[in-house]
Every structure is written in structure tokens, then in C-alpha cells.
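Protein chains: 2
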Amino acid sequence: MIRNERGLLLVISGPSGVGKGTICKELESPDTILSVSATTRQPREGEEHGKNYFFYDKETFENMIAEDQLMEWAEYCGNYYGTPRAFVEDMLNQGKNVILEIEVQGAMKIKQKHPEGVYIFILPPSLQELKKRIEGRGTETPEAIESRMAQVTRELSYGSEYQYYVENDLVENAVSKIRAIMEAENAKVARCTAELL
Amino acid sequence: MIRNERGLLLVISGPSGVGKGTICKELESPDTILSVSATTRQPREGEEHGKNYFFYDKETFENMIAEDQLMEWAEYCGNYYGTPRAFVEDMLNQGKNVILEIEVQGAMKIKQKHPEGVYIFILPPSLQELKKRIEGRGTETPEAIESRMAQVTRELSYGSEYQYYVENDLVENAVSKIRAIMEAENAKVARCTAELL
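Protein sequence lines, in the order shown, are assigned to chains A and B.
Residue numbers for the first sequence follow my numbering, beginning at 1 and rising by one.
Residue numbers for the second sequence follow my numbering, beginning at 1 and rising by one.
Errors might be hidden in some of the hints.
[Claimed, not checked] Distance condition first, Cα-Cα at most 20 Å in a straight line; then the derived EDC-like pairs of lysine to aspartate or glutamate: (1) B/K188 to A/E116; (2) A/K25 to A/E103; (3) A/K132 to B/E155; (4) B/K131 to A/E195; (5) A/K188 to B/D169; (6) A/K58 to B/D57; (7) A/K188 to B/E195; (8) B/K25 to A/E155; (9) A/K131 to B/E195; (10) B/K188 to A/E195; (11) A/K188 to B/E155; (12) A/K188 to B/E183; (13) B/K188 to A/D169; (14) A/K188 to B/E167.
[What the hints assert, rightly or not] Sample of chain B residues lacking proximity to chain A, with all beta carbon distances greater than 10 Å (derived): (15) E59; (16) Q69; (17) V166.
Just so you know, these hints were derived from the structure itself, not from any lab.
We treat Cβ as the ideally placed atom computed from N, Cα and C, and that holds for glycine.
Sequences are here, hints too, so could you generate the full structure?
Below is the structure:
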């Protein structure tokens, strides 16, 4: 009998607009939990503490930084965002897989301390396709779109730091490939104890 | 678009009696080829050159050893057995996956020169179960069975040199797990070229 009692830490990155969020939601199950980020920004209407985010004030967040309670954190537009370690560790110890949907800088910080994680980079079928998707949202000016595409190019250059490429041509293909990766990772000798008696 | 133009070299080992042969046959497909071994033993009735084995005389085999045309070789009961490199390389270059069903010593020799291979160790559900299967064949004396079981224990100690454990509780489960491993391995960044333009 082969046992792997600890869940997988799945770190899923990729350029913005590639469809990470949809893929991660599809992967969610009783055994596979989406990590909940912490932030100091104000909750938007309908957002719930502990579900969409853990909402903290600045002082609490800075204490969490000081006490190394975050796996990674960053500041955007005057607000803090981060990944609380306790939630992730609890789930992994219970044998649940945990998904972190996270941009490349954060993923690289996590990789330094968690080489046992599974690092997956989601790719668009092509840059043209990605541009179309971002334009299709209709929420951004042409300049903003150009600036986004420049960022996409920077983000793509981190792909080689990951273990797996998954192309998001169709959500169901990407999800099925990630499930295969999870099955393979759970079969890794380094994660398993074989009990044969 | 993600490309991996080279096939996977799948090295499948495990204790004798564990069911490697049945699993490998199930994995065979137009894209996944079973490697054909070379030997100096006489063909048995119905065995074909190039299908069951490549049958060579001793001199030819020793020339192949001298010219490094074998990925590994060994001598058992006065006959040579080995894995011809050219066949495997041809298939991999054509983008076919190649399966080597091979005992642990041979697998370890191949691993030294082919770290890019995928090393899978098939486990029985339990040692008792394996003993039952070997006894079930009805071809061996109790002493031979004991000696086999001692060898199984030695072979199992090599498990940690492999990348993946696959339990052969049911052939279809083992085959499905190996297919997931192949899908994951083909998604590995180190094997892929991402073409995004």
C-alpha cells in the first residue's frame, strides 16, 4: 500500500488574462482547496472575510509580516496582499491539496522556501489570443492594453522557473492536464511511503 | 503552442511476479512502443527475431558490447541479454514513447546515462499478495519461492532510486496512473518548447 499523507501545494501562475481563476475554480473540490489571501484593502460589496479574502487592518498585517505568518506578501496601490501560512499548512496537514493562484513574483518567493510545491505555469495558446481576451473584457484603454502586454512578456520569461507548462486552449483540457499532474505528483517516490507488509 | 518533439523513455521495473509484463502490454499503442531486447539464447518455438527478441550469436553480441551499441547488458545462465540503443533512439527521435521493462540492475545502469528517462517502480499491494501470485503460477518449488521472495526484498530496496511508485492492485488502475505520469512528464517545462508568437 502506498501512502502520501500530506496534500500537494499547487502554485498556479501565468500572465494576467490567461484564465487562471477559471481553471482554479474548476479544480476546487472537497480534497482540493483554494487558498484565501489576506489583504488590507476594503472589502467590496458581497465579499466575505475568510471566503474571498481575510480582511485585516494595516497594523495586524504588519504584525503578521513581522511574525513570519505569511508565505509571501506584496504591496500594490497602497494595500498589502499576502498568503497566510497557517491556513495553507493546516490544509496540507489534513491531506488536502491547496491551490495558490499567484503572480510570478509571489510564486518565486514561495518556491525558495517550498521546493516540494508543484509549480505550474499557465500559457495562452498564443500572444494574439491573450491580447484578444484582454481586449474582449472591454474595460481597458489601448494604452493600458499595450502596457499589459509588455507585462505579459515579462511574466512569460519566468516560465522556465516552473515545473510544468499547461496551455489554456480549453478550460477542460487545462483542468484535465492539471489533474494528471496531481496524480503523477502523488505517485512520486519522494512523497510516498510504501508499506508492504 | 507547447511542443515536445521527443518521445519519453519509460523505464518500468519492479519485483518479479508483480505484473510488469501485463501492464507494459496494455500501455502499448501506435505512440508507445515496447523495446525489443537482444539475446544470445536460442529462439523458442514461435518466437520471432525483431518481435520477441533480436537473436544474435555470441560474437555479434560481444561486438555490440564493444561498440557501445547496448544501453545495458547482462549475462544470465550463460546467455547474454541487452537493450539495443539504436532501436530506442530511433523511436524516441520519431516522437514515440519507448517502454523498457527491465529489472532493477539494468534500470540503474540506464539511469546513469539517461537521467531524462521516467523511472517507474511497480509495487505489489503487499508482499503476501506477491507471494500468492508467484505460488499461483504453480511452476516453482517451495525453496525456489523462498529464494524468489528474498530476491523481491532486495529488489524492493531499490524503489527509492526511482521517480514514481505505481501499485499494481488492478492492472487498469496501474495503467491509468502510468498514463497520468506520461501526461505530466510531457508537460514538464524541461521537455517543452513554448511557442507563443
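| said: For each hint given before, does the structure comply? Return the numbers of the non-compliant ones in rising order. | reply: 3, 6, 7, 8, 10, 17
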